[in-house]
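Visitor: This is what each chain is made of:
Number of protein chains: 2
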Amino acid sequence: MDSRWFPLPRRQVTIQDGFWKRWRDLIGQTTLSHQFNQLQNEGQIDAMKLDRRFHRGWELADPWLSAGYWGGSVFWDSDLAKWLEAASGRLEQHADPALEAQVDQIIGLFEQAQLPDGYVNSHILTWRPQHRFKNLRDLHELYCAGHLIEAAVVHFEATGKDRLLNVARRFADLLISKFGPGPGQLRGYPGHPEVELALMRLYRVTGEKRYLDLCRFFINERGRSPNYFEQEAVQRLDTRPFRPGHPGSPFAYMQAHEPIRQQTKVVGHAVRAMYLFAGAVDLALEDGDEELLNVCERLWQDVVTTKLYVTGGIGSASENEGFTRDFDLPNENAYAETCASIGLFLFAHRLLQARLRGEFGDVMELALYNNILSGISLDGKAFFYDNPLMSRGRHRRVPWPWWCPCCPPNLARLVSSLSGYLYSEREGEVAVHHYVTSEARARIVTLNVTSGLPYSGRSVVKVQPKQSAELTLWFRLPDWSRGSHQVRVNGAEVTPAPVDGYLPIRRTWAEGDEVELQFSMPVRRRFARPEVEADRGRVALSRGPLVYCLEQADNGPDLEGVIVSPEAEFQAVERPDLLGGATVLTGPGSREEVRTKQLYTDEPPPVERVTLTAVPYYTWDNREPGEMQVWVRYGSS
Amino acid sequence: MDSRWFPLPRRQVTIQDGFWKRWRDLIGQTTLSHQFNQLQNEGQIDAMKLDRRFHRGWELADPWLSAGYWGGSVFWDSDLAKWLEAASGRLEQHADPALEAQVDQIIGLFEQAQLPDGYVNSHILTWRPQHRFKNLRDLHELYCAGHLIEAAVVHFEATGKDRLLNVARRFADLLISKFGPGPGQLRGYPGHPEVELALMRLYRVTGEKRYLDLCRFFINERGRSPNYFEQEAVQRLDTRPFRPGHPGSPFAYMQAHEPIRQQTKVVGHAVRAMYLFAGAVDLALEDGDEELLNVCERLWQDVVTTKLYVTGGIGSASENEGFTRDFDLPNENAYAETCASIGLFLFAHRLLQARLRGEFGDVMELALYNNILSGISLDGKAFFYDNPLMSRGRHRRVPWPWWCPCCPPNLARLVSSLSGYLYSEREGEVAVHHYVTSEARARIVTLNVTSGLPYSGRSVVKVQPKQSAELTLWFRLPDWSRGSHQVRVNGAEVTPAPVDGYLPIRRTWAEGDEVELQFSMPVRRRFARPEVEADRGRVALSRGPLVYCLEQADNGPDLEGVIVSPEAEFQAVERPDLLGGATVLTGPGSREEVRTKQLYTDEPPPVERVTLTAVPYYTWDNREPGEMQVWVRYGSS
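Protein chains in written order, with the numbering used here: chain A, -15 to 621; chain B, -15 to 621.
In short, the hints are calculated from the structure, not lab data. Among the hints, erroneous ones may be present.
Since the list can't tell identical chains apart, any single copy or any two copies may satisfy a pair.
[Stated by the list, open to error] Cut-off 25 Å, straight-line C-alpha distance, at most; resulting in silico cross-link-like pairs (DMTMM-like, lysine to aspartate or glutamate): (1) Lys5 <-> Asp363; (2) Lys581 <-> Asp463; (3) Lys581 <-> Asp484.
Fair warning: this is a prediction, and the values are worked out from it, not measured in the lab.
Could you put the whole structure together from the sequences, leaning on the hints where they help?
Guide: Following this line, the structure appears as structure tokens:
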């Protein structure tokens, strides 16, 4: 794996303007503050109080459920930590003393809570201190540890302060002493993967191999027989059946039904799967482990060829928050959790460092602009947990999904750290994965990118080499351009042959060189393969990276009566006034008239001709509540 | 209600040949014997043993359920009684000493079981004698009484023997003493209506008004406030919630949420609703109660305009075996119980005696030839309980639905007594509702009908008046002929103006007069009104009274990939070799090819041209298991 790429770190890339600058600032200025208030509750960040609030939530929602409730949120620390990570990223971009004070306040709580041996987990310490590391299957201790470590790494990188990093390292060192194949150690691994990704980051920031080793242990130990979670349950005399109805095996829910290296289909909880495989790719990259990388690639192929929504969502079922059988992609009941798409984004980004292939970037972009971004309202203060592709008007964003607030801070930390996902470099080469208006300071060259995405396919890249040398720049050729593009260097057209979905341009670059990329952005009609039952006889519209949808606000009610014909031509129309400034698609359609009084007739329902307006999927549910459809009926009528 | 009609009784009509003669004989010769064996079990008709078998059935199916099981089948007697009614009808048509011996054996058991006060119910007497009339809501005592009375009436009419009639009268007399508004009487009414219909029959066969009075009491008392079932539950200290999730009200499940006369929408359990309203029409006819009749007509309109499957099925939901919201008619999950369609048939037949309207006959015919007849296999030995309009191949008929064997004997008794539903008469007039090859001996005229239904629209009616007098014959003009028909009297075309869907021909008939009716039988494409979500963009094919479906056996798998275009012309093709001799429909269609490897493409799936074969719905699942669809995708592609 000598040919691996390295992501250009977050702090070497500055997002300067445009679409993502606006989102980044909205989240930095509005969303983080909104989320802090939601997390804070009653004026104090206190795990016990917050846990009790969570408990009250259950009671209010369903008094019956609360009778058997186990008391508190096992993932509470992770939500705080994700917010810390997002806020730290913000501090890296923009001085904000008030935000910094909030960050320091939470860090102080973690410092206070940490035991002398390094253990810290507010749920366990508050509700059941005797359960430490006794139920890795359910109690999310390692998951929370992972997020704490990630937050600490980013906080250190962003501020240079090591308070949280010290907390995280002490906890990580405790994990190293507790977990492993040695005598007296636990051969366990997390019920909810995440700490693998975190250990890789901790290893990279500290250079200490023992964190890498623990990650490797978790990855390789997972799913071995006899199953650790089964043994652990016996140890604590827990005889209750665990997920008896889960397809395949109870432990498939958390990808622990067999060792990772034997897995060929992605199963179970979607976020867990994505975090696990992203961590596994990280490990494979570090270890030069081609076998593990090939396993991850096979699992990637399984996801994107059989289990991916056209919006970049994954994990169609609410029952396991995850995967079911191939091609089972219902629209109205789509789970498609925001966090799962974020996991897919992270998985793809790791794969991209191993193999420079356009498809990884394409899926990152698809997820980012659609299923992930739909997770937040245009005002930055309300969130979807699940992102269905069809609604009758009752699916609404909420200020805080109190039953499981994982998605809002996860989305905030992703956008806050987006600059770290745009470029990669290696000896003599730089790759541009995503066209975002930004300055990228690689070792050998600085690129200044100006991009019209997602609404225009034109990007201009100014090249400032640090020294005069031959250098290859790789530009991702988005699949949505359908291969139709123009590239100019200093005004002169060049025609680099695409390699795996990237356009390489090799030359000796000089200060002031300019690459102009013009990717076609046709309105595309998308069709699912016939096995996807929910989409049969239906079409989805997309343009560039954006998937579109019909909303009742533009098209009236009863969207299921709308039909798009094979001949319909849709136009892109800029609407600066609409939904924060969006390019919509308009075109002709038919609409069944609901006016007969007979239940059955011998003629199909009469149709009227209408003009349809489709808006970007990420913008839906930002006006009055109403119906929404991504997949619209298709045919002549 | 001077203008009311009277059904020509069963024994005055002889089905002589053709489609229904074959079905009647199959049921008489094969099905009754098969059902007796199923009911009998272990060589003896014994309620306790049979009840225990039922109990074992639950245990086998689900050991967990059986732990909380209440022990036995509350509707056991009704299944025996429906079989007795069917067998009695058979004995009226055809001497069969072996069958008669089986009938007498069961009658003897009822005689033995009956208590001196007239009470008889093998479930209550076996399992919980202390519960007599303590739980009318759930225990089906009055329902079982009703079927016993109906069987007794038919047995008496068919054989002249009054053994069972005496049992039934003693029981009915006990009911009269127990139920009513007087001191010490219960102001209750059945949880599952049926006894109302039975009391009307008992009144008619005995001429004794007290049976009519009890029916009237049950109908008028039902749904009054405070609710009897609530009071009754308090009396027996039963505080468990009753159907807490039922739409509208728990007692809407059994149409007891408000008095019948206030009801405007049909709700709840479909069989209960149909039996109740059929009984109510019977009562209204007898009492000249126009108010009650109008209520029933309003409820009828609600069913047929918002809740009727194209196959004549009703009651779309398994949750309550009944009705949900308007236009909620899912295909794959259609409940559409065979018994519910039989109830619809009975309701329509009663309405037809009040108002001679073609729509009532049309719905009877639709239900009979489709949702009802699909309830039985072509060999007469297997049964559907629910009749979905789409299957992926796992919905199969069973020899006996042991968990609730209500449908098989109900279907047998309907076909066995079909001759009683074909004609009506009143002073100087006879109405032909259904074209079945039969001799109808009315008071004033004998009609000999020869009919090609359901496969040919030609019927010939020979008229033999008993005396020379002007007489109007009314012939139903089926809606499936779309108004296209020819009528000849003695070879000369006549053009009677249709009145409410009937063609009246008034003349002085002479011996040997012959009416020839030729109803067009085009292949019809049927469309549901757009509110029926499940059928949007779909077409169903029908011809004459038969609804058709695609089966995998003729069309290969993946029927959801089949598309019928607006231009497709279907032909009727006689296939004497197929499915007991059926006319099938063939025509062109397209089929999506499943061959892409990409999850999403920019072109719709390619299609191949295929020839489709549709078979009558009632014949499906009589070959190898496979997919089935009534509603096929419709459109150009």
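Visitor: Hint by hint, say whether it matches the structure.
Guide: Here is how each hint holds up against the structure:
In this homomeric assembly, Lys5 and Asp363 come within 25 Å of each other (Cα to Cα) only inside a single copy, at 15 Å, whereas the closest approach across copies is 73 Å. Within a single copy, Lys581 and Asp463 get their C-alpha atoms only as close as 47 Å, which misses the 25 Å cut-off; across copies the closest is 16 Å, which meets it. Taking the shortest alpha-carbon separations for Lys581 and Asp484, only the inter-copy value of 18 Å comes in at or below 25 Å, while the best intra-copy value is 57 Å.
In this structure, none of the earlier numbered hints is contradicted; all agree with it.
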